Amino acid sequence: MRHLFLFATLFATPLSAGVPEALDEVILPGFSDFAEATKALSVAAQADCTPEAIEAPWNAAFDAWTQIGDIRIGPSETGALSVAFWPDTRGFTPRVLGNLIEARAEVGTDPEAFAEASIAARGLFALERMIYDADFNAYAPGSYACTLVRTITAELAGQGAALDAGWDGFARVMLSAGEDGNTLYLAPEEATRALYTQLLGSLEFTADSRLGRPLGTFDRPRPTRAEAWRAGRPLRNVLLDADAAVAQARALAGFDLPQTDAALARLHAAADKIDDPSFQNVKDPAARLRVEILQQHVRALSDTIEAELGGALGLTAGFNSQDGD
Amino acid sequence: MTTRRVFIASLLAASANPAAGWAAVGGPTYLAAAKCRDGSHMLAGLREDGSVAFTVPLPARGHAAAAHPERAEAVGFARRPGSYAMVVDCRDGTVLHRLSAPQDRQFNGHGTFSPDGALLYTCEQRVEDSEGFVGIWDTAASYSRIGEFRSHGVGPHDIRVMPDHQSLVIANGGIRTDRWDRAKLNIDVMRPNLVYVDVTGALLERRDLPGFYQNSIRHLAVRGDGLVGLAMQWEGEAGYAPPLLALHRRGAPPVLCEAPLQDELAMGGYAGSVAFSGDGSEIAITSPRGGRIHRFSDGGVFLGAVSRADVCGLAPHAGGYVASDGLGGMLLLRGGTLTALARADVAWDNHLVAIRA
Numbered sequence: 001m002r003h004l005f006l007f008a009t010l011f012a013t014p015l016s017a018g019v020p021e022a023l024d025e026v027i028l029p030g031f032s033d034f035a036e037a038t039k040a041l042s043v044a045a046q047a048d049c050t051p052e053a054i055e056a057p058w059n060a061a062f063d064a065w066t067q068i069g070d071i072r073i074g075p076s077e078t079g080a081l082s083v084a085f086w087p088d089t090r091g092f093t094p095r096v097l098g099n100l101i102e103a104r105a106e107v108g109t110d111p112e113a114f115a116e117a118s119i120a121a122r123g124l125f126a127l128e129r130m131i132y133d134a135d136f137n138a139y140a141p142g143s144y145a146c147t148l149v150r151t152i153t154a155e156l157a158g159q160g161a162a163l164d165a166g167w168d169g170f171a172r173v174m175l176s177a178g179e180d181g182n183t184l185y186l187a188p189e190e191a192t193r194a195l196y197t198q199l200l201g202s203l204e205f206t207a208d209s210r211l212g213r214p215l216g217t218f219d220r221p222r223p224t225r226a227e228a229w230r231a232g233r234p235l236r237n238v239l240l241d242a243d244a245a246v247a248q249a250r251a252l253a254g255f256d257l258p259q260t261d262a263a264l265a266r267l268h269a270a271a272d273k274i275d276d277p278s279f280q281n282v283k284d285p286a287a288r289l290r291v292e293i294l295q296q297h298v299r300a301l302s303d304t305i306e307a308e309l310g311g312a313l314g315l316t317a318g319f320n321s322q323d324g325d
Numbered sequence: 001m002t003t004r005r006v007f008i009a010s011l012l013a014a015s016a017n018p019a020a021g022w023a024a025v026g027g028p029t030y031l032a033a034a035k036c037r038d039g040s041h042m043l044a045g046l047r048e049d050g051s052v053a054f055t056v057p058l059p060a061r062g063h064a065a066a067a068h069p070e071r072a073e074a075v076g077f078a079r080r081p082g083s084y085a086m087v088v089d090c091r092d093g094t095v096l097h098r099l100s101a102p103q104d105r106q107f108n109g110h111g112t113f114s115p116d117g118a119l120l121y122t123c124e125q126r127v128e129d130s131e132g133f134v135g136i137w138d139t140a141a142s143y144s145r146i147g148e149f150r151s152h153g154v155g156p157h158d159i160r161v162m163p164d165h166q167s168l169v170i171a172n173g174g175i176r177t178d179r180w181d182r183a184k185l186n187i188d189v190m191r192p193n194l195v196y197v198d199v200t201g202a203l204l205e206r207r208d209l210p211g212f213y214q215n216s217i218r219h220l221a222v223r224g225d226g227l228v229g230l231a232m233q234w235e236g237e238a239g240y241a242p243p244l245l246a247l248h249r250r251g252a253p254p255v256l257c258e259a260p261l262q263d264e265l266a267m268g269g270y271a272g273s274v275a276f277s278g279d280g281s282e283i284a285i286t287s288p289r290g291g292r293i294h295r296f297s298d299g300g301v302f303l304g305a306v307s308r309a310d311v312c313g314l315a316p317h318a319g320g321y322v323a324s325d326g327l328g329g330m331l332l333l334r335g336g337t338l339t340a341l342a343r344a345d346v347a348w349d350n351h352l353v354a355i356r357a
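Protein sequence lines, in the order shown, are assigned to chains C and Y.
The opening position of the first sequence corresponds to residue 1 in the UniProt record's numbering, with each subsequent residue numbered one higher.
The opening position of the second sequence corresponds to residue 1 in the UniProt record's numbering, with each subsequent residue numbered one higher.
Read the hints as simulated data drawn from the structure, not as lab findings.
One or more of the hints may lead you astray.
A few chain C residues that face chain Y, going by a derived Cβ cut-off under 7 angstroms, partial list only [said to hold, decoys possible]:
# : residue
1 : P87
2 : D168
3 : T217
4 : F218
5 : Q280
6 : L315
7 : N320
8 : D325
All values derive from a computational prediction rather than experimental measurement.
No residue lacks a Cβ here, since even glycine has one placed at the ideal position from N, Cα and C.
Isolated chain Y, as found in the complex (with noise of 0.2 angstroms):
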């Protein structure tokens, strides 16, 4: 029986925290959006045998989503460059928070939680340049915006928190564009760099690609002990089959990752995603342009290649990885091996993001 005490004690849980936890909605392991059939679009929550913990329709395209570290939240960016981005119950779909950039930035990509949820950054550009910036929104606050630092770069398009919970790690992509339609304006001169700054945006350390200027740094994965991985999208060339993946640690130059000259050819130039396996010890980068995921052990020694079409989307998993496609496959990849887990009648978009991580 409820006590009239008790009662009125869940009643003001309720109204202090009306928000449900990620176990409320079926306890995803990751985000990932999707575009449906009929061509419109949805958030899911997936779990790590594939199948899904819930879905919501979202209103647009969203970009990047991130995934609040307890609340069942996810914010969603528009296509960048953006001036919106959405907080999303992940209970019902319903858009609890519009987040609106201020009048000379726009979203540029990912966004990332603090580890206690406390706050969210956002990677952002100053619109008439492209001067990175870092967003600082107060997620108790309806998600009002609190602060900016700057991102020490060009065009920052990812962002994550380090392992020492004091500083962040940006990876700006250092490509200028124009500020309606997404034109690259600087491709010749373009200088990406990878920048850790603390919380409070001081430059801790900035690193660059010495003889791969042109190629834009977009993607990150941390792991537990500080080891950052960096992917990169290469905007020289066509052809030229550059590296795609370094690893970096503090006060260390960057571990170009190569793979044979073949293997290179074959991704096009181009790495969607990147993500360390689930017990860290090595790393990947998928390719949706040559459908393929290249593994490297964590010194940077190239493991080998898997083949999926339109792969792209990639997050850590107790056996290895999970990959997702286009096509509607989410996929384990164990040691060299890809089985299927489950296949939707969507196409799963860019990323699988991590819920907790």
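Just chain C, same shape as in the assembly (with noise of 0.2 angstroms):
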């Protein structure tokens, strides 16, 4: 770069600190996991499309997912929108399955046309429904609803495959940070803030949607809010979100977290006293309660981890993400 200016107060900072090492033991794997699982989902589905049959290999998906799920850079940046849509504010996905099944239409039935459907009816919650919801998931062999599951799944297999082969890619595009051309990472450290950006958003979310939607407030719990609950999910994803958050962490600083590991720890005996898995019972003040320990953990797990890997990498949230206007 021609207008390279840098001022006096230049310091060292760590170069691409822990990114091959996320790449390589965390991130790619991950990702070459979900592509597996979702494969393993279409076959079972094509095989036999009922809710009984896939029910089992759809969790096996949904747990590979958690693993690399929140990331929002790359690939992700708008793929992941397609694989796990939700929260689902505006409540589109049952509404357009519902327009589909009503119109037998056409693109319900090719996997290849579908990927350009609404992201609402595509990936892992368009699926929950037809396995979990009583509106959806007493469909019969051979009926219309049965292809749709088949196309589903088939779609969620390609998005699967497109992001793991797009992931070998970026994971170039972060290895190469700092070099001439690359104008997503204009220095090295970008590479590491951008991963490090990423893991905290993911425990921001799971604090915030994840465990804030079915709070709701104290006079008003909404627990039909909560992610994946007509599958028995919520907690079982919060925690494999964070130990995911967690295993990046790890990975990038390439040193013991045990502050992060205890943040840990304590997150997972908050989580042991929770007796309802999918937060289902959140109007009672007590199991209301817990859920909002379990949330104050996720923070206190987040502020750990910026203490512990941010101030020793030298990482700062985003100015400007941070800070409104």
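Once you've looked at the hints, go ahead and assemble the two chains, each given alone in its own frame, into the complex.
Below is the structure:
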């Protein structure tokens, strides 16, 4: 860059610290696992489309997703949203699925064409409706809805493969941070910061949305706003997503994070006290309190990572993204 | 050889107009505030190639700057809602004037100069209820306050002079804030609007965004033919993904500019800056939360997204747009392609202000 200019206070920042490790140890294997899991789900659905037959592989795919699902850079910047369209604040998913089924729409029979369908009708949360929602899951083998389920799983497998391949390419962009022509990451430390920001963003999303949405307000708890509550996954997702954020933090650090490990253990201990893994009992003040405590532990984990990892790497959250105007 | 008469003439000229023009500070095209590594704040003048024309220290973080059309003077506003603004000499950072809002007024965002540089208009709100006002300051009389008029809305945040030079456009964000802590008090009933007034403050036109009352209208861009771009920030439920840009032309309803759902979701309900491209053929908004820029045609059709972490500042550039970010990057956006112009070891603050625009 010809016009590069530096100010006198330049100090040494770690060069792309931990980026190769985070990619090789956590992120790329995570996308590879998700591609495998969605492929297995699709294979199962083609053999037997009924909810009973695809419930287990769907949950396995969702488990795999939690390892990398909150990342929103590179191929995942918009690609993650058609895998996991949540929260659905405007109720798009049941509406679009209902319309497809009622119209027996051609697009629902062709995985390739389905890639152009609304993101609300695609991915894990559309399948959650088809498997667990009584308004949708009574379909018979051979019905349009059965074909639609096969289409959604096949298209999701396609997304899994595309994300896996896309991340292989995007990893090279992250690893070439600071090199000529890389306009996404103008310096090596920007790639480190990008991954660091993602894992903190995941914990923030868990606290604000995965836990904050069902908690609602004390006067008006909203249990049916919990993530994948029909499938009984809300608590499981909170824990798997937190585990994944810590795994990414460890890989990025390259050194031990004892305080982070302890904060994660406290989070799990708080989770053990929760009776209903779907948070459907948050109208009960005692049950609500336990979910609120869990939420505090998620925020505490985030603060600990900021201090222990962010502090060591000299990283701070975004200047403009954190302070609106 | 300097004659006595020329010497006196130059002396008189200097005392009558002691301020320097922009050429005297390196001919910058843009102003940008920044936070330095050591925690101090500065104001920089930047050229179109990304190079630095000047830097001067700022006594505190400024919220937004306004550039005098001729003199190398910038007005920096306190963090909103704030009680003071500073007029800074861009030669050395000297605070030439300190503007104090009247007792029951707070500065609430941006300000702009009249095209001849004689007046400064400031977005203000009444302390007790956030009712909007525009303060008028006489730049030739040490920036003394000479009047005010209503903004015809709540919580005005941005103001621009229209190309006819006879009218102003105001973004009333619609948000009532607590007088001390910026807490938002009326999110459930907020009503942002876009207002045009003449230079005496008489209301010419008022528009709102039906169906999107929680979409706070916060920043404006104006094209030479009077087309106005409005950038919004969503105050409603997270994940709602409303459009964050609208286009408006006097006398017509606003046109909402929508991107595909996954792109709107990726913006995080937040547009930080808005600018027309250098040739005016398209318009873009930034989202530091999403780390992306959305481009639209001047008819409101989505043209695409580009990614860059913590990007927020945006201004017209001969080649398209120039964008700045919290990582110190200055980038040229031409068509759908970003190229780096420069990277400084500072965090560029929210806005890039075009000088003489």
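The hints, checked one at a time:
The restraint placing C:P87 at the interface with chain Y holds, with a minimum CB-CB distance near 4 angstroms, inside the 7 angstroms limit. Taking 7 angstroms as the C-beta contact cut-off toward chain Y, the hint placing C:D168 at the interface is violated, the least distance being around 18 angstroms. At about 13 angstroms, the closest approach between the beta carbon of C:T217 and any beta carbon in chain Y exceeds 7 angstroms, and the interface hint on this residue is violated. At a threshold of 7 angstroms, the smallest CB-CB gap from C:F218 to chain Y is about 17 angstroms, leaving the interface hint violated.
Restraint check, C:Q280 versus chain Y: the minimum CB separation of about 21 angstroms is more than 7 angstroms; hint violated. Violation of the interface hint for C:L315 is found here, the shortest Cβ-Cβ separation to chain Y being roughly 11 angstroms, above the 7 angstroms cut-off. Taken as an interface hint, C:N320 checks out: its beta carbon lies about 4 angstroms from the nearest beta carbon of chain Y, inside 7 angstroms. The closest approach between the C-beta of C:D325 and any C-beta of chain Y is roughly 4 angstroms, which is under the 7 angstroms cut-off, so the hint is satisfied.
Violated hints for the displayed structure, listed by number in ascending order: 2, 3, 4, 5, 6.
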